[in-house]
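Construct the complete structure from the given sequences, taking the supplied hints into account.
For the sequence shown, our numbering begins at 165 and goes up steadily by one.
I should point out that these hints are in silico values taken from the structure, not numbers from a laboratory.
Even glycine gets a Cβ: it sits at the ideal position worked out from N, Cα and C.
Heads up, a few of these hints could be off.
Label-pair ranges, simulated between beta-carbon atoms [stated by the list, open to error]: (1) Tyr194 / Ser243: 22 to 28 Å; (2) Ser205 / Gly273: 30 to 36 Å; (3) Arg184 / Leu246: 35 to 41 Å; (4) Ala214 / Gly251: 19 to 25 Å; (5) Ile248 / Pro193: 27 to 33 Å.
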Amino acid sequence: MPNSNPPCNPPSDVTCDPARLQELVYNYPYLCLDTSNFDPSDPDNTLIGAGTSWTGLTLNYTYVLNCEDDNTWVLSWGSIFLPIIYGSEKATGGSFPDLTFPSFSIANGSC
Numbered sequence: 165m166p167n168s169n170p171p172c173n174p175p176s177d178v179t180c181d182p183a184r185l186q187e188l189v190y191n192y193p194y195l196c197l198d199t200s201n202f203d204p205s206d207p208d209n210t211l212i213g214a215g216t217s218w219t220g221l222t223l224n225y226t227y228v229l230n231c232e233d234d235n236t237w238v239l240s241w242g243s244i245f246l247p248i249i250y251g252s253e254k255a256t257g258g259s260f261p262d263l264t265f266p267s268f269s270i271a272n273g274s275c
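Next up, the structure:
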């Protein structure tokens, strides 16, 4: 049977298990968040793991990566200054810790 997942297109798994979050935070304490598609003026950011999520702060936004109730990875953000802008995106590709979102990407390690 031919390989249905060629090397250039590895399989994606954007699901998460809330029961494993503390273990993942321990094993992956730093994640690099690429914000260049969302806000080109805001630098890349190192998300720092604590408890069951990862958080980060840039010049303009705060970011939180966590596992939602439907077992999917979600990146949420909120602006620091007025006007208040906030939102969230579900992961669309990759596998933890290397996840892609419509406007962001995350990779293992600090930026």
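Here's how the hints hold up against the structure:
Taking the beta carbon of each, Tyr194 and Ser243 are about 23 Å apart, inside 22 to 28 Å as hinted. Take Ser205 and Gly273: their Cβ atoms lie about 23 Å apart, and the range 30 to 36 Å is violated. Checking the proposed 35 to 41 Å range against Arg184 and Leu246 shows it holds: the Cβ atoms sit about 38 Å from each other. Distance hint for Ala214 and Gly251: a CB-CB separation of about 22 Å, consistent with the stated range 19 to 25 Å.
A hinted range of 27 to 33 Å for the beta carbons of Ile248 and Pro193 is consistent with their spacing of about 29 Å.
Of the numbered hints given earlier, the model fails hint 2 alone.
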